[in-house]
Amino acid sequence: MARRPTRPTRTSSSARASATARASRDDAPCLCGLPASYGECCGRFHAATAAAPTAERLMRSRYSAFAVGNEPYLLTSWHPATRPSRVDLDPAMRWAGLEILATTEGSAFHTTGTVTFRARYTRRGEAGALHERSRFERHDGAWVYVEGTFVE
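Residues in the sequence shown are numbered from 1 upward in steps of one, following our numbering.
Just so you know, these hints were derived from the structure itself, not from any lab.
The structure presented is a predicted model; accordingly, all values stated were derived computationally and were not measured.
Yeah, the Cβ is synthetic: ideal placement off N, Cα and C, and Gly gets one too.
Hints are not guaranteed to be accurate.
Label-pair distances were calculated between CB atoms; the ranges are [what the hints assert, rightly or not]:
{"hint": "1", "residue 1": "PRO80", "residue 2": "GLU126", "range": "31 to 41 Å"}
{"hint": "2", "residue 1": "ALA108", "residue 2": "ASP88", "range": "12 to 22 Å"}
{"hint": "3", "residue 1": "ARG120", "residue 2": "THR149", "range": "14 to 24 Å"}
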């Protein structure tokens, strides 16, 4: 997911860590929407015990990382050529669901892929959605996020 155009507010690292721990319990349902626990699904990618096998799975794991505030994973899963120095996570954002709308390529047999998605959220009580087409590439054998284009 691309960085938001608005400047987020900061929260303490201890408050963020506490929220992350609650949202990312290994036995909790995964936030990406697949029917598996966080530990069996995106949690293993976040912990670097497995690599996302497809561009779509990387997209789902990045959505989950945004939801739990996992900035290190977001940065390591970003292509070095387009990676920012940091990700400004907005503590007021509550990610509410991910819908994959389309994918092109991005399988184990490809070197590039795109994923078009809609991610729902609430921010200070107002509902919204991020609709984006993300581009992914293999870099050193692993899928990485390159860039995203907002879709109207």
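Evaluated hints:
1. PRO80 - GLU126: 31 to 41 Å: Cβ of PRO80 to Cβ of GLU126: about 35 Å, so the range 31 to 41 Å holds.
2. ALA108 - ASP88: 12 to 22 Å: 33 Å, violated
3. ARG120 - THR149: 14 to 24 Å: Given about 19 Å between the Cβ atoms, the range holds.
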